[in-house]
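There are 2 protein chains.
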Amino acid sequence: MISDKMSGLVKNSSAIRAMFEEGKIMAAKYGKENVYDFSLGNPSIVPPKEVKQAIFDVLNEEPEMFVHGYMSNAGYDDVRKTVAEYTNKQHGTNFSEKNIVMTVGAAGGLNIALKAVVNPGEEVVVIAPYFGEYDNYISNVDGVEVVISPDTERFSINFDELEQKISAKTRALIINSPNNPTGAVYTEDDIKRLASILEKKQKEFGSVIFLIADEPYRELVFDGIKVPYLTKYYKNTFVGYSFSKSLSLPGERIGYLVIPSEMEDFDAVVGAVSVANRIMGFVNAPSLMQRVIARVIGMTSDISVYEENKNILYKALTEYGFDCVEPKGTFYMFPKSLIPDDKAFCAAAKEFRLILVPGSTFGCPGHFRMAYCVDKQTVLNSLPSFKALAEKFK
Amino acid sequence: MISDKMSGLVKNSSAIRAMFEEGKIMAAKYGKENVYDFSLGNPSIVPPKEVKQAIFDVLNEEPEMFVHGYMSNAGYDDVRKTVAEYTNKQHGTNFSEKNIVMTVGAAGGLNIALKAVVNPGEEVVVIAPYFGEYDNYISNVDGVEVVISPDTERFSINFDELEQKISAKTRALIINSPNNPTGAVYTEDDIKRLASILEKKQKEFGSVIFLIADEPYRELVFDGIKVPYLTKYYKNTFVGYSFSKSLSLPGERIGYLVIPSEMEDFDAVVGAVSVANRIMGFVNAPSLMQRVIARVIGMTSDISVYEENKNILYKALTEYGFDCVEPKGTFYMFPKSLIPDDKAFCAAAKEFRLILVPGSTFGCPGHFRMAYCVDKQTVLNSLPSFKALAEKFK
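Just so you know, the protein sequences line up as chains A and B, in that order.
Residue 205 in my numbering sits at position 196 of the first sequence, with consecutive numbering throughout.
Residue 323 in my numbering sits at position 314 of the second sequence, with consecutive numbering throughout.
Careful, some of the hints might be misleading.
A pair holds if it fits inside one copy or across any two, identical chains being indistinguishable in the list.
Subject to a maximum C-alpha distance of 27 Å in a straight line, what follows is the list of computed DSSO-like cross-link-like pairs (lysine-lysine) [claimed, not checked]: (1) Lys38 / Lys241; (2) Lys178 / Lys98; (3) Lys178 / Lys61; (4) Lys244 / Lys41; (5) Lys244 / Lys20; (6) Lys98 / Lys396; (7) Lys98 / Lys209; (8) Lys209 / Lys241; (9) Lys178 / Lys201; (10) Lys403 / Lys244; (11) Lys385 / Lys241; (12) Lys20 / Lys90; (13) Lys61 / Lys201; (14) Lys41 / Lys359; (15) Lys385 / Lys107; (16) Lys33 / Lys90; (17) Lys107 / Lys20; (18) Lys178 / Lys20; (19) Lys107 / Lys33; (20) Lys324 / Lys90; (21) Lys61 / Lys210; (22) Lys210 / Lys41; (23) Lys178 / Lys210.
Calculated from the structure, these hints are not laboratory results.
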């Protein structure tokens, strides 16, 4: 009785749920501390204490009809201004509140950007490996997904294939750096090359190609490396941001979309994005949380924990014989599975009480994803299991 | 450069924005207190003080990783259980947490219900006059909207036309009682008649027709009248609820969807709704607000204010010669315009500093909507303007 589009999705979702259920059964059998669950990208560290204080302050200092009421679908003007000014300070950009639309997380932002610009049948390019939800977001607007196969050398972009696959029907390209599932961060050279390809193709086809940057992991980078700010390299760029990871607030659904004034047909696009926010049922980003993030902008949880976990795991796994591109950010790594069949490999890992996600879930078989947003002790305790797993397949 | 679907919407939205801008200009010219703005359905009364206390209590008593973290896409189990038990107590239903999905307001709930069950090209019936956003929600899933013309006698349902227009392609029917824009509340007899038509048509076509009840105004009823609980009359009913109006929290985007166990293919529908919540970009209803509403369930703002405003306006306007079906709930009324052209009428009302919305916006020309969620003094001050407006068209 459910729609055809949803039938397949529900089946797939049940498979993931079955995996969680199995994890729970394993935890009951062996004890929770003896099961090493690297399956979920759920922040493992508390929000900074300033978040709680900011909530109290908003409620004590601001009128409640204002705090809990409707505002423009794009969000509170003053919150948007605060976000714009912070971004300008960080990245040397020149945004005002007009360039910011507050969204229900990055997922809300990506959906309204796609709704605003994609017509049914138009193509949206994604770079494998990629976050599987992009399939659904593109399907929501009846777009046609075009997948660029992985650059398994360093998990950047397979530029030659990208150049071949961009067509007159290409309307948008979604990129995600720092990347889920690989932890890769595109270099400035990568971004320049990408921008020049897009410029060239726009000229060739007389089209507009929107770059949609999904950036919930922007702050989660290691060794102090810089993540280039994309609007500075390519004007038709949407940046989708979320506070889910930087402030450990994934349940609150708070993020924003940046739309540079230089974007083609800027006024119409901003209008379309705001209307899309309304008609897709979001209406506006949650109001209290908008007011809170304006007070804590620029703060983060103690994200150094993720880098520590990465260092332990990367060192150990490469010692044990795993082949892995070292992550430059996020809380994911994406090693090669020790046999070509990544699903069989992840199934075998369960014998060692390791819960890993097959790379084929992300359009990149022969690998597996580990989400190391878990506590350090779990990471340390898991190492003998990884060693035993490696020995099994030697 | 924006998608074709969005182009018309942005134009339409600009027209509404122009109306607000004009209101602002009028306020600047005549003084805010001399402009009577009945255009917006934004609650005018503060949330109960228990809401603020509940936010403090949640933050002080519950672990922050839990309060701000991801939970199941359907919402926290304990919150869903609380909602189910409250509903059972109020309406003699028999729900458990399995029957409740927490949503991003009622707008989020309606969108995921439609996404779950409607295939492209299938028909969704709406009853004029109706909330204009339904057009967009139906368009989001590529459904075909079928409008039943108004019963202007009492703003119930034009049952004969409904019977004629339900076809083999009818997949869903959206109803909204208490109703925006009329303030009508369907009686138990109305609901029984509706249910029997739907049952008959399901049998005739061998189909399943879902009833989607949009109920953000359930508590806003006058004279203590009862609003029938629809799942008790027709099993294939979704109830979409929002706390926006009852608790004056429209900006927080918090509501829920009720899916009775008796619904055809219940497990698949619940699964589809949860997955739709995820893939449409909502992911889950805002987490802190879920936890808050569990603590204040059953409370409301001081909604008696709306009944007082209704009484003043209904008495005065009928005295002045307006023809109006007396509202039984909400904070709207929907009188006949004094000339057939409702747009010209609302334009003329501006001379008297009255901001009214043409009925044609709701699929019912020859009427206008007044949102009397304004303070009582504004209502009282507006009366001479209504009197003068009536005299102009006598």
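Numbers of the earlier hints that this structure fails to satisfy, in rising order: 1, 2, 3, 4, 6, 7, 10, 11, 13, 15, 20, 21, 22
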